[in-house]
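Student: Given these sequences and hints, build the entire structure.
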Amino acid sequence: TAGSIESYRGLEDLIKAMPYIKVRNPQAKLYIAGGVRKEAATYLKGLKKNAESLGVASDIIWLGNISEQDLSWYYANCGAFVLTSRVESFCFVAVEVLAHGCNCISTKSPCLPEVLGDSSLYYDFGDIEGLSKGILDILERSVEEKAKFSDMAKNRALDFSWDKAFSKTMDLFEKILAFPEK
Numbered sequence: 001t002a003g004s005i006e007s008y009r010g011l012e013d014l015i016k017a018m019p020y021i022k023v024r025n026p027q028a029k030l031y032i033a034g035g036v037r038k039e040a041a042t043y044l045k046g047l048k049k050n051a052e053s054l055g056v057a058s059d060i061i062w063l064g065n066i067s068e069q070d071l072s073w074y075y076a077n078c079g080a081f082v083l084t085s086r087v088e089s090f091c092f093v094a095v096e097v098l099a100h101g102c103n104c105i106s107t108k109s110p111c112l113p114e115v116l117g118d119s120s121l122y123y124d125f126g127d128i129e130g131l132s133k134g135i136l137d138i139l140e141r142s143v144e145e146k147a148k149f150s151d152m153a154k155n156r157a158l159d160f161s162w163d164k165a166f167s168k169t170m171d172l173f174e175k176i177l178a179f180p181e182k
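Mapping of the sequence shown onto the working numbering: residues 1 to 182, in sequence order.
Rather than coming from a laboratory, the hints here were simulated on the basis of the structure. None of these values were measured; they are calculated from a predicted model. A virtual CB, placed ideally from N, CA and C, is assigned to each residue, including glycine. Hints should not be assumed to be uniformly reliable.
[Stated by the list, open to error] Simulated DEER-style distance windows between Cβ atoms:
1. A178 / E145: 41 to 49 Å
2. A57 / N155: 34 to 42 Å
3. S4 / Q69: 49 to 57 Å
4. S58 / L172: 49 to 57 Å
5. N25 / N155: 26 to 34 Å
6. Q69 / R37: 17 to 25 Å
7. E144 / R24: 18 to 26 Å
8. N65 / V143: 28 to 36 Å
9. D124 / L177: 39 to 47 Å
[Unchecked claim] The list that follows gives simulated cross-link-like pairs (lysine-lysine, BS3-like), each with its CA atoms no further than 25 Å apart:
10. K133 / K108
11. K48 / K16
12. K16 / K49
Tutor: The structure is reproduced here in structure tokens:
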């Protein structure tokens, strides 16, 4: 996962899912990219303590802030990308995930299904069993299935180009200007 480490990101779901994932996929590792503001330091400490108590601390790699180049590498090489956010207004990470063709599972948090569309699996936040099953489903996909979902994601990303946004904005302005006054 990627993005700032904040409580609304719901990373505790992912940490709680790790023991279940490790049963069927013992080599699984969780990479978390993103910085931590001072205000979120207690949250991060709690996440690490939770990972320790669940016996998965050694399977979690906290990358911190990384370069765009490194982030792009992680996107391109992840087995599954997970978005656990409880709340998002617009999630740029979701668009980056699409553009890189990641196989993804996400919460049904407002905006994420709208952005990711059919290219992602979804779970209800707090549903650790659903999240675990979704991650395992992605990790156990055939090469062909992974390629299919990767292509779906890349095609979905095309809906978020600047050209498309400009065109839709201009269409809206034209409709507003053409609306007859009463």
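Student: Could you say whether the range 26 to 34 Å given as a hint is met by the Cβ separation of N25 and N155?
Tutor: For N155 against N25, whose Cβ atoms are near 28 Å apart, the range 26 to 34 Å holds.
Student: Using the beta carbons of A57 and N155, state whether their distance is inside 34 to 42 Å or not.
Tutor: The hint (34 to 42 Å, Cβ to Cβ) holds, given that A57 and N155 are roughly 38 Å apart.
Student: Should the hint that N65 and V143 are 28 to 36 Å apart at their CB atoms be regarded as holding?
Tutor: Given a distance of about 33 Å, which is inside 28 to 36 Å, the answer is holds.
Student: Is K48 within 25 Å of K16, Cα to Cα?
Tutor: holds, 11 Å
Student: Holds or violated: the 41 to 49 Å window for the beta-carbon distance between A178 and E145?
Tutor: holds, 46 Å
Student: Is the straight-line distance between the alpha-carbon of K16 and that of K49 25 Å or less?
Tutor: holds, 12 Å
Student: Could you check the hint for me, namely that Q69 and R37 are 17 to 25 Å apart, CB to CB?
Tutor: holds, 24 Å
Student: Starting from the hint 39 to 47 Å, judge whether the C-beta atoms of D124 and L177 obey it.
Tutor: holds, 42 Å
Student: Is it true that the C-beta distance of E144 to R24 lies inside 18 to 26 Å, as the hint says?
Tutor: holds, 21 Å
Student: Within 49 to 57 Å: is that where the Cβ-Cβ distance between S58 and L172 falls?
Tutor: With Cβ atoms ~51 Å apart, the hint holds.
Student: Is the distance from the Cβ of S4 to the Cβ of Q69 consistent with 49 to 57 Å?
Tutor: Violated, at about 19 Å.
Student: Given the hinted pair K133 and K108, is their Cα-Cα distance within 25 Å?
Tutor: Judged against 25 Å, a Cα distance of about 16 Å means the pair holds.
Checked against the numbered hints given earlier, this structure breaks only hint 3.
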